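Colleague: Sequence:
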Amino acid sequence: MSPCTLRICLIMERTQLSAIVLDLLEKETGETYDALDDSTTLNEGLGLDSLDMAGLILHIESHFGIQIETELLDKIKNIGQILDTLEEKIATKEGKHAA
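For the sequence shown, numbering that gives the first Met the number 0 gives the first residue as 0, with consecutive numbering after it.
Hints are computed from structural coordinates only; laboratory data are not their basis.
In this text, all values refer to a predicted model and were calculated from it rather than measured experimentally.
Any given hint could turn out to be false.
No farther apart than 25 angstroms at their CA atoms in a straight line, the calculated lysine-lysine pairs in the DSS-like style are these [what the hints assert, rightly or not]:
#1 74 to 88
#2 74 to 92
#3 26 to 74
#4 26 to 76
#5 26 to 88
#6 88 to 76
#7 76 to 92
Across the chosen pairs, the derived CB separations fall in these ranges [as the list claims (entries may be wrong)]:
#8 68 to 34: 24 to 30 angstroms
#9 92 to 46: 28 to 34 angstroms
#10 14 to 60: 16 to 22 angstroms
Cβ atoms here follow ideal geometry from the backbone N, Cα and C, with glycine treated the same way.
Build out the structure end to end from the sequences listed, making use of the hints.
Modeller: Below, the structure written as structure tokens:
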């Protein structure tokens, strides 16, 4: 796979992750969001409180079959950080399955 093609695949994968997170977020809050970008903050931008965040993380963990450690939760402040964490956790999970 050429570097350009690989880059497009990675961008598409992140876009797909973003769409899934958007869907899970809408299910958790009952709100409809037009679009999210990496800089969208969870508290100020989306108005999520700690209960909304806990519910969203539970949905994400269940959907992807991963576990996000409590220490990481305190550091997640925006959509980009959720996606970064997801990419890392999915890659780690896939690496374990390949081994």
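Colleague: Are the hints correct? Go through all of them and say.
Modeller: Hints and how they fare:
no., hint, result
1, 74 to 88, "holds (15 angstroms)"
2, 74 to 92, "holds (21 angstroms)"
3, 26 to 74, "holds (23 angstroms)"
4, 26 to 76, "holds (20 angstroms)"
5, 26 to 88, "holds (22 angstroms)"
6, 88 to 76, "holds (17 angstroms)"
7, 76 to 92, "holds (23 angstroms)"
8, 68 to 34: 24 to 30 angstroms, "holds (29 angstroms)"
9, 92 to 46: 28 to 34 angstroms, "holds (31 angstroms)"
10, 14 to 60: 16 to 22 angstroms, "holds (21 angstroms)"
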